[in-house]
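Trainee: Sequence:
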Amino acid sequence: MNTEKEILRATTNDINSVAEILGEAFYDDPVVSHIVGREGLAGDLFEASFQYLYAPLDHSFYVTNEANEAMGCALWAKPGQQSSPSLRPLLKLGWTLLSRAGGKALMRGMKVADFVDIHHLKEPHYYLHAIGVKRAFQGQGVGGSLLAHGLAIADRDQMPTFLENSKERNLPIYQKYGFEVIAKKNLPDNGPPMWFMRRSPRQQQLSSL
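In this note's numbering, the protein residues as written are 160 to 368.
It is possible that part of the hints are untrue.
Pair ranges (Cβ atoms, derived) [claimed, not checked]:
id : residue 1 : residue 2 : range
1  : Trp254    : Glu163    : 20 to 26 Å
2  : Ala307    : Thr170    : 20 to 26 Å
3  : Trp254    : Pro351    : 22 to 28 Å
4  : Lys281    : Asn345    : 28 to 34 Å
5  : Asn329    : Glu163    : 40 to 46 Å
6  : Thr170    : Val340    : 30 to 36 Å
7  : Glu163    : Arg247    : 16 to 22 Å
8  : Pro238    : Lys263    : 31 to 37 Å
9  : Met266    : Lys326    : 21 to 27 Å
Below, simulated DMTMM-like cross-link-like pairs (lysine to aspartate or glutamate); rule was C-alpha separation at most 20 Å, straight line [as the list claims (entries may be wrong)]:
id : residue 1 : residue 2
10 : Lys293    : Asp187
11 : Lys343    : Asp276
12 : Lys326    : Glu183
If you are wondering where the hints come from, they were derived from the structure by calculation, not from laboratory data. Where is the CB? At the ideal position from N, CA and C, for every residue including glycine.
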């Protein structure tokens, strides 16, 4: 088994890998399933999210092994980047949701986006939009490597980090890395719960980042 991992910057050339990884990791995600009305469309949504929103921000990463297999990825935004995306990528993302899942899904997606924006951390911060690992590579420390890499950058800049967690079983993982729940809210239209989590920066430096 190849265990050596390398963390690389994700670009538009990696769209298919990102979609495959997050499609698997979020296949049965409660929030994604609530928006689209069924399981199995996470890959389509993350493909569009990465292509139109996060790849242009140039702060997402993926992990490969010695065989150059993409194992996992994380979509990040730097402080200020996620606060005001332009209209064009939002329209493209909305069209993807409409064409793949229908008008009701688009309306639910807009409601969820507005809801999340209300509860989004207001102070400048690094934002972790999504992190996932392919099933074949889970349990090998891939997710931890990705998370630690992003947090080291935030610590270097002495900035807090923020994420929205959609699965209760993941809470201990994030808490292990210093995240604290600042709010728990149920999504509109009898949606599932979402945990809003913040992490304060630690006094660490990683000069190679």
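Trainee: Can you let me know if the beta-carbon spacing of Glu163 and Arg247 is within 16 to 22 Å?
Mentor: Check failed, 40 Å falls outside 16 to 22 Å.
Trainee: For the pair Trp254 and Glu163, does the Cβ-Cβ distance stay inside 20 to 26 Å?
Mentor: Check failed, 40 Å falls outside 20 to 26 Å.
Trainee: Taking 28 to 34 Å as the hint, is the beta-carbon distance of Lys281 and Asn345 inside that range?
Mentor: 21 Å, violated
Trainee: Regarding Met266 and Lys326, is the given constraint of 21 to 27 Å on their beta-carbon distance met?
Mentor: 24 Å, holds
Trainee: Decide if the proposed pair is consistent with the structure: Lys293 and Asp187, CA atoms, cutoff 20 Å inclusive.
Mentor: Holds, at roughly 14 Å.
Trainee: Taking only the CA atoms, is the gap from Lys326 to Glu183 under or equal to 20 Å?
Mentor: Holds: Lys326 and Glu183 sit about 15 Å apart, inside 20 Å.
Trainee: Within 22 to 28 Å: is that where the Cβ-Cβ distance between Trp254 and Pro351 falls?
Mentor: 25 Å, holds
Trainee: Hint says 31 to 37 Å; check whether the CB-CB distance for Pro238 and Lys263 agrees.
Mentor: 35 Å, holds
Trainee: With the threshold set at 20 Å, check whether the alpha-carbon distance from Lys343 to Asp276 stays at or below it.
Mentor: 14 Å, holds
Trainee: Kindly confirm whether 30 to 36 Å is satisfied by the beta carbon distance between Thr170 and Val340.
Mentor: 33 Å, holds
Trainee: Does the Cβ pair Asn329, Glu163 satisfy 40 to 46 Å?
Mentor: Violated, at about 26 Å.
Trainee: If I claimed the Cβ atoms of Ala307 and Thr170 lie 20 to 26 Å apart, would that claim hold in this structure?
Mentor: 22 Å, holds
Going through the hint list in order, the structure does not satisfy hints 1, 4, 5 and 7.
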